[in-house]
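Visitor: Residue numbers (the working numbering), protein chains in the order written: chain A, 1 to 254; chain B, 1 to 262.
Just so you know, the hints here were simulated from the structure itself, not pulled from any lab data. Treat the hints with caution; some may be incorrect.
As the list claims (entries may be wrong) - Restraint-style ranges between C-beta atoms, simulated for each label pair:
#: 1; chain 1: A; residue 1: V35; chain 2: B; residue 2: V131; range: 39 to 47 Å
#: 2; chain 1: A; residue 1: V35; chain 2: B; residue 2: V37; range: 49 to 57 Å
#: 3; chain 1: B; residue 1: T33; chain 2: A; residue 2: V55; range: 44 to 52 Å
#: 4; chain 1: B; residue 1: I30; chain 2: A; residue 2: V55; range: 49 to 57 Å
Stated by the list, open to error - Partner residues aside, some chain A positions facing chain B, computed with beta carbon under 10 Å:
#: 5; residue: P11
#: 6; residue: I13
#: 7; residue: F38
#: 8; residue: M42
#: 9; residue: A108
#: 10; residue: Y114
#: 11; residue: L116
#: 12; residue: F192
The structure presented is a predicted model; accordingly, all values stated were derived computationally and were not measured. Heads up, the beta-carbon is just placed ideally off N, CA and C, and yes, glycines get one too.
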Amino acid sequence: MTARTFDRLLPSILGLGTLVVLVLLVELLIRVNLVNRFIVPMPSQIAGAFERVIVEEDIPHRFLVTMREALWATALLAVFGIGIGVLLYRVQLLRDATETWVAAMASAPTVLMYPLFLVIFGRSEKTIIMMGFVAGLPAVILKTIEGLAGTRRVLINVGRSLKLTEMQLFGKILFPAALPTIFVCLSLGMIFALIVIVGVEFLINVGGLGQLINDLAERYDLPGTYAAICFVILVSVVFFFLTDRVEKWLRPAA
Amino acid sequence: MAETGRLIAPATQPLVRPVTLVRVAIVVGILATWEAVAASGLLFRDVVPSLAVIGRAIVELLADPATYFNLGVTAGEIGLAMLIGGLAGLGVGILLGGNRLLSRAFESYLYYLGPTPKIIFFPIMIMWFGVGPGSKIAMGVLSCFFPVALSAAAGMRTIDNVLIRVGRSFRAGTWQMITKIYLPAMRLPVINGVRLGLGVAIIGTLLAETKLSNKGIGFLIINAYSTFNMPRMYALLILLFVLSIGVNALVGRLGGAGTIKR
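Next up, chain B with everything else stripped away, as it sits in the complex (with noise of 0.2 Å):
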């Protein structure tokens, strides 16, 4: 028999995605907004500056040796604060989810004062820590342990019942059965727990910058609003919402949250 050919026409993939188009239309309508208001006049002169106002501050600001020093004070603090406030969410968590009288005693506690709002210790952090860097570490601490405590908690007890018999059965001990059982089993929740915590220790050491400070992504932004240096200002924040965002991000990827299968 003769081979008949196809008349369905291929399927076209048009050239730009619908979603792509009203991204660009909405973040094209955002910016054409904001010029016409920083041209319009209705606001006070330099509270909305120009778009070339921003990108020039934004590349004198990636231009200055000063804000990289200040960045790396900030990420500094933020990384110790990660370090010993995670470190000690983890151990808190695992020890919680591990025993049941433990989880129904104290647990609650930490539930509830989890979201309070942090930044009021800072005066109690100042008086403990000194005005420098200690005390911000120390808000970062205190921000972050709640989030990874409570999800190193709930993580320990989704572990599969099997998994821990399987240690026990092979004679592991405390710190094999954490390494080799309790963290993998664990990895997804932890690894929210974590991004949780990063996210709220950024805010909390950034805040207590801008608070009492004198170096600091914080304090550049408190030292801007000061001065009335308003595109300074507007470079500072974007420059942080991106950074933070990406580290947010960058987390989640390096743990491979998105790919765990359960």
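Just chain A, same shape as in the assembly (with noise of 0.2 Å):
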């Protein structure tokens, strides 16, 4: 190995071999009753416990009613979020009047109504998309606001020196220019979105992952919780990295 390799390679060295010492350290303590065994499971039965939970919890049905619901949440963000936002940016008077209320929404903590979408919506998945369009709507539409308002300036004159209709110009120009920000800011709303699905999922005990967890939890199957947690973290972590990914291959051409 070059020494310019182990460079390249040290950083990612040093992070993984940390979590494994870490790892390894907690497994030591618990054997040597230092730590709780009956508060953390051993790292070992962790490990032990992910293919029970995957076979016999159904981690995939599960897994797939999450995403059911994450795309469900991000097609109504789809097209009220982008239509909103459309809306706002072409009514400039609209937008003036209403964006700094779509920015404090966006800071207000909307996930705690999720007691009155229960009584509006009753325990289904219904009140978990809706809570997850809700959480993703001021992010969608602050973005697409700002997608459309960040078209250059050269390609509006362009289009009006073709004499194009106010909606050729939008249809030809403003959102073809607009989309790539427009697609980064629905993967945006998409995450919002799943972080709340998740947590209303384990919250309210229904639908798929999140319910995992608490039904785990409530059953006291210490290593099968943290097996169903370190799953969430993985599928949250796999999902944010490759949207991180397509935001990266988007961006340079917005």
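Dock the two chains into a complex; use the hints.
Guide: Below you can see the structure in the form of structure tokens.
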């Protein structure tokens, strides 16, 4: 291994190595009874519980349920979030009047409205999907406006010089130019939705992966609970990694 | 030469700005629609109570001393969570932002772990810290740690090298470098991180309270749901939203986030 390759790999080795050392340390502390094994299960037990949780708790099905909810929420975000964003971009007065409200809504803890949604939609997937939708809505609206407003002036001028109507200008220039940003904002909305969806599944004990964690915790299946949490973390990390890659791929075109 | 008078009429400002008019129209429209739905009986009775009933519930809520006790419990939990999580995040952020190797080794873990739904850790927090305020504080700590750490790390990397060299040339110690150079220079990203952290700490703590608690605003909300006291739930949500947005804006203003010139 050359010195340059070592330098390149050193951060990854350090990061992964630290993780492995920490896991081994926890295993050791539990084995010598310095950490209570009825509070923290041994990492080897958690690793052993993975197969059981995947097979017995039907993780693939639960994963698909969570993804289905996330996709429904994203579809709603695409229709309403982008729609409202386009409306606010095109009607300047409406935008001036409401943009700060949308921004304020983005910082409001909307997820805490879940008991209200439970009353309106019942203890079902509808509540989870609507919560995901509400959580992602402000971000998608704001990013859609940002994407449309960021269209290069020269493109708009070219459209005007070709005497395009307002609708043609929007359909042929503004919307295609904003598409990369809009896609990025949709993936951002999906991330917001997914976070809230798993959280609400856990809180109301309905749905896919979130419900699984709640189920296992209520059964006091500690290795299973930790394994399920690790699985959700893994899914989240892979999901964010992929959306991050797509964003980086699209950004230069934006 | 005789002076000629100007014939330009003075610009008149409209009495009410069009933006204000639109805002008032939207608010009035929403309130009127709400009242119409409440009166129509289209939804179950009490799911959409009339505005007068919600207004009365707000007044009752504000007049009830128990509200302030529960608000104090939640505020205490969030405050402690911000203190612990914020300081830990700041320390880790400064460490990662100031060291390229550590940043490349560990920052991606923070980056990808940051957006995971933190509430799923609540069963673990209950095991570790019990069913009392400890587990709620831990949820708040876990929630706010990541945005503060990532913002502080990003802020460290934006500090002008000249400032760091000036500090070193004065032989400043580590603590002096942190308090005199790093923190003032990265105030803006840190304030932004604290604002983000505060938002998610509020959510983390309150969600934990709605799941398992016998005091706090989250408990009051889930209690109103359990007893189907919808006007009280609306009143609590309105109070919570006003407080959250207000505190968030206040943190930004205290930090002077909007006034810093770079």
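Visitor: Hint compliance check: list the failing hint numbers for this structure, sorted ascending.
Guide: 1, 8
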